[in-house]
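For reference, the chains in residue letters:
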Amino acid sequence: MTLKELCSIHGPSGSEWRIKKILLNYIQKNCSTWAVKPVVLSEGIKDNLILVFGKPRTVIFCHYDTTGFTVRYNNRIIPIGSPAYDENTILRSVTAEHSGKTYRIRKEEEQDYSLISKTITEAGTTLSFDCKFIENKTRFTGPYIDNRAGVWVSLKLAETLRNGMIVFTAYEEHGGGSVEFLAPYIYNKYHIQQALICDMTWESECVKQGKGMVVSLRDKYIPRETYLRQITGILNKNNVLFQKEVEGSGASDGGYLQKSAVPFDWCFCGAAVTGMHSSAESVHLKDLESLQKALLILMENLK
Amino acid sequence: MTLKELCSIHGPSGSEWRIKKILLNYIQKNCSTWAVKPVVLSEGIKDNLILVFGKPRTVIFCHYDTTGFTVRYNNRIIPIGSPAYDENTILRSVTAEHSGKTYRIRKEEEQDYSLISKTITEAGTTLSFDCKFIENKTRFTGPYIDNRAGVWVSLKLAETLRNGMIVFTAYEEHGGGSVEFLAPYIYNKYHIQQALICDMTWESECVKQGKGMVVSLRDKYIPRETYLRQITGILNKNNVLFQKEVEGSGASDGGYLQKSAVPFDWCFCGAAVTGMHSSAESVHLKDLESLQKALLILMENLK
Amino acid sequence: MTLKELCSIHGPSGSEWRIKKILLNYIQKNCSTWAVKPVVLSEGIKDNLILVFGKPRTVIFCHYDTTGFTVRYNNRIIPIGSPAYDENTILRSVTAEHSGKTYRIRKEEEQDYSLISKTITEAGTTLSFDCKFIENKTRFTGPYIDNRAGVWVSLKLAETLRNGMIVFTAYEEHGGGSVEFLAPYIYNKYHIQQALICDMTWESECVKQGKGMVVSLRDKYIPRETYLRQITGILNKNNVLFQKEVEGSGASDGGYLQKSAVPFDWCFCGAAVTGMHSSAESVHLKDLESLQKALLILMENLK
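Protein chains in written order, with my numbering: chain H, 853 to 1155; chain L, 853 to 1155; chain C, 853 to 1155.
Among the hints, a few may not be true.
Treat identical chains as interchangeable: a pair holds within one or across any two.
30 Å max Cα-Cα, derived DSS-like pairs, lysine-lysine [claimed, not checked]:
{"#": "1", "residue 1": "LYS1060", "residue 2": "LYS959"}
{"#": "2", "residue 1": "LYS1060", "residue 2": "LYS1072"}
{"#": "3", "residue 1": "LYS1041", "residue 2": "LYS970"}
{"#": "4", "residue 1": "LYS907", "residue 2": "LYS959"}
{"#": "5", "residue 1": "LYS1089", "residue 2": "LYS873"}
For the record, the hints were derived by calculation from the structure and aren't laboratory data.
Just chain H, same shape as in the assembly:
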């Protein structure tokens, strides 16, 4: 599956059933060629999806929901998660019956936008950014790289992973509600206590695109120092080029894990994106390669 295909699938928080169905189908068709055929868990866990490889010691959490919009009354829209948008943004509505209808949006008041349309779109309809992609040898630009690029990396990783778990999660962009029950489920069933978060982050003064994958030493939440040292120790020992990130804000599935009902260590591993949460996020392909390599090394070396 290409990154472009993955980014094109409508899946704002709450509406992840499509991406789940498509991934399930892809995995069933392709996993016989993988190094290890995973056990696939998909029932009774809402719109999440779990792949278990061999004897897992570490879990990769990789959210596959995106930001988006819900139609309120009279074509007004309200955000799902925190999308970045303005008057030039074009949205695409998706309902059970049809998809692909696009709308330009208009600013009504401060932080209050509506669809420009002569007909009233049904309240509750969900929308996502209209997809325009720009690709070249080094860079990929378009909506929902956060976190479909993480999904892409995880699916690549799945081809060679021998022992570990990959969990595709829902609701990350909109306040969570998946990791909170997935963590106890995994902890109780597999006795796993350590996690890596495979997700996108932003460029900053010391985190640059094309300079390799990013290990976050903290964001709004703070991982355990002893676990961070294991992570950076393994990466250093294996000569993986990585960038250390330190932020005071921002959060990921790691934050939900931190507050969950079971003891889980976690560390955010990602790639830097520009235009975060806009319809034109951009990522350096080298950073995704680096992320994939680093995750595989960590999954193999974390005891």
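Following the hints, position chains L and C against chain H.
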């Protein structure tokens, strides 16, 4: 039990023991005349109360705490939850020893009110709105319709419910702390994964009083699209008149369920109230009837 | 172990491994002289530490993490928890390799401070206040009395406690993430449902230093009225001098317990501190004595 009686019981978040005791007593006296006699669970779950009917597949969560006030030092008061009040509001103090003493309140500074009284009320005393009710054939007005009207509807429903669970919850108005442990308890003991939230909402541009019960497609939190479709599908198939609500803010026990340690689908079903959280909330009786009917149909038809 | 020694141990949220190691060592060396030798649980619960005495009915939660700082890029610092600091503050950096290097800090912009230094400190390094203590017969002043004084009281209490549990917790100052999994662990393993929070609070118009321990009737969160009555009833019956606190803000491990996945009653018991979260917190030794006495009486009398 009348709606007026239910609304009169002092029970701000943290002080739900009275309403629990009164409901327990009512249920024990009356449940022998119900279609199915429920199993009553009340021990070890703090001030919550669970009724189990037949073989439950779906849970109704119905909070019975209210907003209120705590006396701080020197007759200053601080809110419990988010009550709506001003200088004309009359409050009633309730302690273990006595109840019914009323006070007018005075504004000291911005968002800082105190009891007008020559004596100092003991710090920690809880207060609720003094109860004045106005009833006619179509409408009921007074404090704490949110959510004692939900309790009233649930108790009516209990008379005919064959399979299902009704859970009366504490702490909903003040940041939660009940559903977070009740959901795992119910999930583990009864293997239930789907919930309806029976609660009050507000009138808005497209949700009107007298127009039937309200199904919320989202508020601050977003239920799962596939579950919402089941709900609206069942209501449509059974010709239940309902209003679709879409809000970007506000939350209910559904939000606590969303963040709980077990996978639970949830959907808010309610009636529209005016004067939300004030001493003069008002509800249309037809909407409560509609809510009761819809909940019964959903409990019977959700597989 | 002296209060001064305890306050000197570097342990901001996320970096509690040092204090855990030091306490474990202290307990192993000293517990043979205690009234009851506790079972020590320290594995698989991250940087937390549990002592089980006899047949426990009640748990004391006592956080041992502190506020602090993380170095970001180019010597900028970001807070861990909510430390109180300004341009005169002196910080001490601690890494795996060395400790004790001190820095004065400089204000760059509003709420943006940096270390004054000619060399760049590595991103991710953690810092805490440089320790200056002032002690006399009645009072102790210095950083991290919150909550190392709570730890000191708990360790004293441990010498005579016959039945109960003392849990030293991590991450309290920075959004939690310990009590959330410790509570289910304790509830499931020991069937305990009641807790006391041993922590520091602030002086206010009706809570004064030197006037005895403090029982909080509420802060941001509200404990259950029936549990509070048990607590105050036992203290009154045993002629313990205590002060009732009522606040609308502030939270403790009690708040995390309130939102946990198991039903736990909780009540905050503390001592009043001035200069909260600054490098010069100050506490009255009489209040710590009073706190220790009250906690012991509560542990013995709560059924």
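Could you tell me which of the numbered hints above are not met by this structure, giving the numbers in increasing order? 3, 4
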